[in-house]
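J.: This is what each chain is made of:
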Amino acid sequence: MKNDDQEAVDLLRQMGRLGVPLLTPEREAARHERMASSVNSLLQRLDAEPAPRRLPVRTLGAVAALAASVGLWVGAHELLRAPHVAGATAASEVARVVSVSGGATLVRVGSMPSALIADQLLSAADELRSGTGARAALALSGAGKAKVEVAEDTRLRLNQHPVLAASTHEDWLDLEQGLVTLQVAKLAPGLGLAVQTPDARVIVHGTRFSVQVSQRAPSGTVTSVAVTEGRVEVDSLGRVVFLGPGEHWSSQSATPKPAPAPASGAELPPNVGPAAARVAVVSPPRTLPTSPAAHAARGSQSTLAEENRLYTQALARAGGAELPSALSDLATLIQRYPRSPLAQNARVERFRLLQQSGNGVAAAEEARRYLSEYPSGFARNEARSLALVDLKKSE
Amino acid sequence: MVQPIPLNRALRVVKAPAHASLDDDALLAGLANRDPALGAELCHRLMHVVDGTLYRVLGGRESDHDDLVQVAFEQIVLSIQRGKFAGECSLATWASAITFNVALRAIRSRRAERKVFDASKDVEALGARVSGPRDPEAQLSSRNELDRLRHHLSQMSDKLAETLVLHDMLGCDLAETAKVVGASVAATQSRLVRGRKDLTARIQQDREAALQQRGATR
Numbered sequence: 003m004k005n006d007d008q009e010a011v012d013l014l015r016q017m018g019r020l021g022v023p024l025l026t027p028e029r030e031a032a033r034h035e036r037m038a039s040s041v042n043s044l045l046q047r048l049d050a051e052p053a054p055r056r057l058p059v060r061t062l063g064a065v066a067a068l069a070a071s072v073g074l075w076v077g078a079h080e081l082l083r084a085p086h087v088a089g090a091t092a093a094s095e096v097a098r099v100v101s102v103s104g105g106a107t108l109v110r111v112g113s114m115p116s117a118l119i120a121d122q123l124l125s126a127a128d129e130l131r132s133g134t135g136a137r138a139a140l141a142l143s144g145a146g147k148a149k150v151e152v153a154e155d156t157r158l159r160l161n162q163h164p165v166l167a168a169s170t171h172e173d174w175l176d177l178e179q180g181l182v183t184l185q186v187a188k189l190a191p192g193l194g195l196a197v198q199t200p201d202a203r204v205i206v207h208g209t210r211f212s213v214q215v216s217q218r219a220p221s222g223t224v225t226s227v228a229v230t231e232g233r234v235e236v237d238s239l240g241r242v243v244f245l246g247p248g249e250h251w252s253s254q255s256a257t258p259k260p261a262p263a264p265a266s267g268a269e270l271p272p273n274v275g276p277a278a279a280r281v282a283v284v285s286p287p288r289t290l291p292t293s294p295a296a297h298a299a300r301g302s303q304s305t306l307a308e309e310n311r312l313y314t315q316a317l318a319r320a321g322g323a324e325l326p327s328a329l330s331d332l333a334t335l336i337q338r339y340p341r342s343p344l345a346q347n348a349r350v351e352r353f354r355l356l357q358q359s360g361n362g363v364a365a366a367e368e369a370r371r372y373l374s375e376y377p378s379g380f381a382r383n384e385a386r387s388l389a390l391v392d393l394k395k396s397e
Numbered sequence: 006m007v008q009p010i011p012l013n014r015a016l017r018v019v020k021a022p023a024h025a026s027l028d029d030d031a032l033l034a035g036l037a038n039r040d041p042a043l044g045a046e047l048c049h050r051l052m053h054v055v056d057g058t059l060y061r062v063l064g065g066r067e068s069d070h071d072d073l074v075q076v077a078f079e080q081i082v083l084s085i086q087r088g089k090f091a092g093e094c095s096l097a098t099w100a101s102a103i104t105f106n107v108a109l110r111a112i113r114s115r116r117a118e119r120k121v122f123d124a125s126k127d128v129e130a131l132g133a134r135v136s137g138p139r140d141p142e143a144q145l146s147s148r149n150e151l152d153r154l155r156h157h158l159s160q161m162s163d164k165l166a167e168t169l170v171l172h173d174m175l176g177c178d179l180a181e182t183a184k185v186v187g188a189s190v191a192a193t194q195s196r197l198v199r200g201r202k203d204l205t206a207r208i209q210q211d212r213e214a215a216l217q218q219r220g221a222t223r
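Chains as they are written, first to last, in this note's numbering: chain Z, 3 to 397; chain G, 6 to 223.
So here's chain G without its partners, still in its complex pose (with noise of 0.2 Å):
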């Protein structure tokens, strides 16, 4: 005999999204008519996107982050009304791309004015920058890789760049990354290896670099 299951298990209050409105296909097709309403919809909807990506390939938020931020959304106003999105993937992970490459040239410019990646920056002149209980040392070591991993993204090729980050960092699968980068999955495998290959020689030039430089000051 099958028991009854209580009603207390089987019902659970289900708290309604904050903003229920309009879905993608309303906003897309809103958007591509320039209505000029939607602007408060479309940064509700993808500001945590565009704000988390800045803050994750930059490393933080400077001065222009807020500018940064504008530059992505009128990036994807731009192509969504000129017809690039073609909504083969979601708006979040597409919005995602755009703001890799704002970051992406972000980082080249702020290199251009200013050295703020030096090889030679050893991981002390870093300062307390990360917070860590537990392991401050290493953690500032992870934070010092991961400013290096930006500047070596900042070097590679934007194709190879935007694939890695899509595939590896964003976990998009391979036919989502196809399709954003507007290529088949073939040609998507063969710059996610060829790009993993540039970046890991990349890491291993900056180490040897690295240590041949700390063993010159000796």
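With the rest of the complex left out, here is chain Z (with noise of 0.2 Å):
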């Protein structure tokens, strides 16, 4: 090396040796939640995919034929056989966006983020952040043509699953933290639209409704759904429930029940009309983790008797053959008390019943909850063989 470049070598190698502050555990571990739970939904969004194949350019050429004949006839076909699922599905977007105030961001998965902006087409799996006092309005392109307003400090992700053989068609939002305010026309036979929050699968029947997440952390987040008008079907942890004018449901409780008003008293967009059924899920401010001493502590003042006596329940009715309600306590703990220093032995016990009970697939979709929410458990190499056995079973 000559010495000229030896000023160059030199700041490099000062770059590297720059010391890296460390951030403090609660950020830290919430980071690393967030990062571990972002690569799992793209393992997941990769699964869903077919793996990507390198053709010669050849055949390339006599494929883009075929296949340009082909799609002219099946695209005429279906179009007069099924306007709705053919104009769905012709083109790989799924959304357009109407209009963007403040800064919102796209993050597509392979590219690097970049400003959201007006017009812009948006495909399955694309992310937007909603910056503080941003907002975006967005028309969905598949089912029911859902019309949908992000407000601020939103986290939301655009999902669609066409299936033509079946005229079937499935868009799906999920909500990690913010607002949406869908506006949905009755959904034709075969067409889904649903929002999914870390606590349930809010899944439209032909309304207009909002749908709410103050923060995600592990097991933090409570889900409330009000229902004005229309028809609005929950699904959490297994167990479905529709509601319908007037009825309210949370994951706190698991029972429908009138309520007049979102629990939260969250502040909906003022369109959002009387004669709209409104679904609200909202969940209390994010708690950073803190010592399992501090949990005892909380837990002790008020619910302790009663996680106990679920568990110690769910314990006895699995040892008695009764596997059905052992996980049905189990839910309820987990559902009741996230925070709860038995909530991972709850959920631990689950994918271990689970797999007992000879449900494979559930064990394993399980155990993958339980790594993502406990990627250091005690149970975790279990957890993780569980779901590769599956994984391998179904290869």
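Keep in mind that the hints were calculated from the coordinates and are not lab data. For each residue, glycine too, the CB sits at the ideal point set by N, CA and C. Hints should not be assumed to be uniformly reliable.
Computed footprint of chain G on chain Z; a stretch qualifies when at least three of its residues, placed anywhere within it, have a C-beta under 8 Å from a C-beta of chain G [said to hold, decoys possible]:
| id | stretch |
| --- | --- |
| 1 | 11 to 20 |
| 2 | 39 to 48 |
| 3 | 374 to 387 |
Hints given; two lone chains; assemble the complex.
T.: Structure, rendered in structure tokens:
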């Protein structure tokens, strides 16, 4: 190396030796959880997509010509037979940005985050992040041609799952945080639209509604749903509840009951009129992880006895071969007391019991959920092997 | 006669790794098979690499830092899933290279949006960005030089910048650098020489421009 270059090399080495300030444990844990969730989500999306294949150029030409002719025929046929399905799947875009105000970001897999702009076309798996004071309006191209209003401080991912053979088509929105308001026309048979939150899946049957998640933390959210008009299906931890006008559901109580408004008192957009159904999925402000002692102390003030009762009852029922009841008790414990010291044990018992009952797929799913929530949990190796075994079986 | 070694010298307690889990091969196999349960493991394994590389190349954690961490992880997963990572270097080195490219694009993108790197920026204008008890002025100057270095790297060709960073900043040897950049050792050596020359020339030009500007203001 020439001496002339020494300064450049020294600067590079200096850069490589820069100390990186540590984050607080809470922020580190939150970031770890967010990244793990993002990677898992990406892997799931990849799992749903066919693996990319590279074809020779000559073959590509022939395939393109063939595809064009077949596509024209199929397109014309589908347009004549079922215009809504053909129209929805002709393009890969699942939505269009109608308007944007303030700073909103589009995060597309494999690309750098970029500013969201009006008239931009959005594809499946795109993620939107609105900053403080920002708002965006989207028009979905799929089910119901829904209009989506994205409020500030929201993280939303768009997904679409078309199944042409069965003439079914499902859009869903992964709402990680924030508030979205949807206006949906009556859906034709075979079309579906859902909003997935950390706690529940809210399935639309033609209505106008809002969904809000204030923060996402490991087992730290509570979902509340209130309907004034229309029909909404809520699926949470395997339990399905249909809500009609005036009914209210919360993941804490898990039973529908009359309620005039969302439990959180969250401010809903003014365009959600009284004639529309309203669904608010809210969660309490995020509580940063605290020490086990603090957990125990908090629990002992009020609910520890009930947590213990649910847990021991579940174990007793499992021992008595009442697996469905035991699973239900554990689910209730997790739902009602997500910060309980017993929540992790309950999650572990659930995937063990599901495995014991012969439901390997559900057990693997539960194991993955456990890994996502407790990446360093005491049963992580057991959960990983369970998830991997299920994966190998499916292959 | 051989003296027996006292037990308290021969044996010592070795702390087991906090997360003894999948090895690299098992992790890569799981990711290649799109196992949606391995995100936490990957993040646990590579978070310090990704975060550290971004911090060093960008010079701090700005508001979009977590977004860039996420983009880097997504790129790492995609590269593994598409079979681009052949295991010829360590997973950490591979992750560093990918993260560096993410950081480089972020620098270019930021520069396009706002003039972060202003050639006329005075040392004093940087403010107290480095806490140094001994010679704050020298540290500020050093910090300014690193900012300029980041700017120069973003101006250079990707191949040269990547080779320089892998070899001179991250400390990879020539063979490992060659594997990561996908070139022969000879070609990598050539890139390294050209990269250093290019960078040195830019630093000198920068210095001359600053001197001229200082003279003009007087």
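J.: Sort out which numbered hints this structure fails and list those numbers smallest first.
T.: Hint check: nothing fails, all pass.
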